[in-house]
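Once you have looked at the hints, place chain B on chain A.
One line per chain: the protein sequences are A and B, in this order. Heads up: the first sequence at position 185 corresponds to 185 in the working numbering, and the numbers run straight through without jumps. Heads up: the second sequence at position 223 corresponds to 223 in the working numbering, and the numbers run straight through without jumps.
Treat the hints with caution; some may be incorrect.
To be verified - The calculated DSS-like cross-link candidates involving lysine-lysine, where the alpha carbons are at most 27 Å apart (straight line), are: (1) B/250 with A/57; (2) A/196 with A/227; (3) B/19 with A/124; (4) B/254 with A/57.
What the hints assert, rightly or not - Not everything, but these chain B residues come out facing chain A in the computed CB check (under 7 Å): (5) 14; (6) 86; (7) 88.
Hints are computed from structural coordinates only; laboratory data are not their basis. Note that beta-carbon positions come from the ideal geometry of N, C-alpha and C, so glycine has one too.
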Amino acid sequence: MQSEVVLSVRNFRKTYGNLTAVDDLNFEVRRGEIYGLLGPNGAGKTSTLESLEGLRKPDGGSLNILGVDPVRQPQKLRNLIGVQLQSSGLPPMMTVEEAMQFFCAYHGVPARTDLLERLNLVEKRRGQFSLLSAGQQRRLALALAMAHRPQVLFLDEPTAGLDVPSRIELHELMAEIRANGTTILLATHDMAEAEKMADRVAILLRGRIAAEGTPAQLTAAGSGLTKISVSSEANSLRTDEIAFPAVSQRLVKDEYAVFYSSHPGQTVTAILAYLEAQGDVLVDLRVERPSLEERFLEITQAQ
Amino acid sequence: MTAFLHHLAYDFRTGLRDKTQMLMFYLFPLFFYAMMGLLMSKVNPTFLAAMTPAMIVFAGMSSTLLALPGPVVSARENGVYRSFRINGVPAMNIVLIPMLGTILHMAICAAVIALTAGPLFGAALPLPGRELAGVGVFLATAFCLAALGMLIGVISPNTRATVLYGQALYLPSIMLSGMMIPLDMLPKVLIPAALLFPGTHSMEAFRGAVMGLPTMVSPLLAVLALLASGAIALGLSVYLFDWDSRPTGKPRAKAMAALVLLPFVAVAIWNVV
Numbered sequence: 001m002q003s004e005v006v007l008s009v010r011n012f013r014k015t016y017g018n019l020t021a022v023d024d025l026n027f028e029v030r031r032g033e034i035y036g037l038l039g040p041n042g043a044g045k046t047s048t049l050e051s052l053e054g055l056r057k058p059d060g061g062s063l064n065i066l067g068v069d070p071v072r073q074p075q076k077l078r079n080l081i082g083v084q085l086q087s088s089g090l091p092p093m094m095t096v097e098e099a100m101q102f103f104c105a106y107h108g109v110p111a112r113t114d115l116l117e118r119l120n121l122v123e124k125r126r127g128q129f130s131l132l133s134a135g136q137q138r139r140l141a142l143a144l145a146m147a148h149r150p151q152v153l154f155l156d157e158p159t160a161g162l163d164v165p166s167r168i169e170l171h172e173l174m175a176e177i178r179a180n181g182t183t184i185l186l187a188t189h190d191m192a193e194a195e196k197m198a199d200r201v202a203i204l205l206r207g208r209i210a211a212e213g214t215p216a217q218l219t220a221a222g223s224g225l226t227k228i229s230v231s232s233e234a235n236s237l238r239t240d241e242i243a244f245p246a247v248s249q250r251l252v253k254d255e256y257a258v259f260y261s262s263h264p265g266q267t268v269t270a271i272l273a274y275l276e277a278q279g280d281v282l283v284d285l286r287v288e289r290p291s292l293e294e295r296f297l298e299i300t301q302a303q
Numbered sequence: 001m002t003a004f005l006h007h008l009a010y011d012f013r014t015g016l017r018d019k020t021q022m023l024m025f026y027l028f029p030l031f032f033y034a035m036m037g038l039l040m041s042k043v044n045p046t047f048l049a050a051m052t053p054a055m056i057v058f059a060g061m062s063s064t065l066l067a068l069p070g071p072v073v074s075a076r077e078n079g080v081y082r083s084f085r086i087n088g089v090p091a092m093n094i095v096l097i098p099m100l101g102t103i104l105h106m107a108i109c110a111a112v113i114a115l116t117a118g119p120l121f122g123a124a125l126p127l128p129g130r131e132l133a134g135v136g137v138f139l140a141t142a143f144c145l146a147a148l149g150m151l152i153g154v155i156s157p158n159t160r161a162t163v164l165y166g167q168a169l170y171l172p173s174i175m176l177s178g179m180m181i182p183l184d185m186l187p188k189v190l191i192p193a194a195l196l197f198p199g200t201h202s203m204e205a206f207r208g209a210v211m212g213l214p215t216m217v218s219p220l221l222a223v224l225a226l227l228a229s230g231a232i233a234l235g236l237s238v239y240l241f242d243w244d245s246r247p248t249g250k251p252r253a254k255a256m257a258a259l260v261l262l263p264f265v266a267v268a269i270w271n272v273v
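Only chain A is shown next, with the shape it has when bound in the complex:
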């Protein structure tokens, strides 16, 4: 049985003067899922998010979050959603503790010191926002977005500019939030992040959805070619004269012979047999299915 739809966008349209940023956009997000909105700059992600957050008025269509219209019922919306802004949008001299008290007071809930502990911000509670590291600023923005226990969380480029440990930490936290039943709408440029975290993704191009589905569905719907990279001691594969089954494209990159195959099992078996016949010794073999990033590039280039 499918979960309840908590967010729906129907025939949504947003224009700025003569520019149509979003045109006839439709999608639904179910309770407890992470839904990724992907797209190049100017694809309409921010316009969509800002309209759902009640910051912009749609020029057509309807938006609905848990039965609330963001335009007509902005006050009802405030306690249902949490928003981690791209630029965190806090006064530079506000301390961590003050920020938590300030936002919780406006949401009518007690300050969440437990969240500061969970996000390793307790030691920095008297630190001013502008003096925090990028990772600490992101964690604080996330803590504030979650402080009133929203049912839907909007994350806009949550890990942009973070180092690897901070990214991993935030990804773990996102998984934890989802496990607690919170729905997450994730806008990101980071395909690896979307592939790792999102249950479903939509690729936006020029204000419309160009592709939608689980990351696995999207990558499978592409050319479907698997990349096989092989390195051997005698480099016997680095020639165009041998034909392997199901290989549609091949190239040489550094010390690797690279094959794109529609049936990777057949191709790998044939390659190994060929190496043995040549008396060559396998050094490295890598089989990679197409990534979401490759599929994204395929879609954007096609359009």
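Coordinates of chain B only, in the frame set by chain A:
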């Protein structure tokens, strides 16, 4: 504590943390006050008759016209107001709270001046029994100047513009509003222009209602003009306020902002007639 009080307490603390605001709320006006007390009391002893209100109005103008608008523009540009909006902070709080915070700082600075000008420099004291009138004139002045400062922040496209608009009121006020030179000593041709500035009305109200000095404008009329101008500025600030990371999107905002001068123009015309 309510959200409003949390917000006000934070805003007040920021006035002490932010070096620029601290400078404009306290250091600059109190240094200027000390200099004027030391120099003017020797050069021009008549200055002492209205020194206390003059320095209070000067400090108030520094706090409101120079210190208040910049952070309003910076907060808007950095998306702070967008995040406030998403989290349910009402526009009225965003406009009112910085005004109230600034008025609190003004009150502290004014209290320091009022309590020390007599003992330190021999400045004249209010007439006996007129202390409450002094508080009333101070509040009318503070309300008008703070609302004007907020309006400057709301209509300014960037922080440079806030300096320009603020100085356009601040500098002429110092020369013309009776803080340095009594209004009746100005060339007659300049008096109608002087009456367009809030500082002039504030000084006239203090001089007449608190210090018992002669005035050109009725103190009551001056207070009413300050309150009316402040009310127009507050109303326009709320109306023209924009959450977005850009200045107000409302058309003819600057022309509308000029409406704050209407009460002063009316008093100037009344005075001439």
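A quick look at each hint next to the structure:
For a cut-off of 27 Å, the pair hint linking residue 250 of chain B to residue 57 of chain A stands: about 16 Å separates their Cα positions. Restraint check: the Cα-Cα separation between residue 196 of chain A and residue 227 of chain A comes to about 20 Å, which is no more than 27 Å; the hinted pair holds. Proximity of residue 19 of chain B to residue 124 of chain A is assessed by CA-CA distance (about 22 Å); at most 27 Å being required, the pair is judged to hold. Simply put, residue 254 of chain B and residue 57 of chain A have alpha-carbon atoms about 25 Å apart, close enough for the 27 Å limit, and the pair holds.
Because the beta carbon of residue 14 of chain B sits about 5 Å from the nearest beta carbon in chain A, less than 7 Å, this interface hint is met. Checking residue 86 of chain B against chain A: minimum C-beta separation of about 5 Å stays under 7 Å; hint holds. A distance limit of 7 Å between C-beta atoms decides the matter here; for residue 88 of chain B the minimum to chain A is near 4 Å, and the interface restraint holds.
Hint violations for this structure: none, all hints satisfied.
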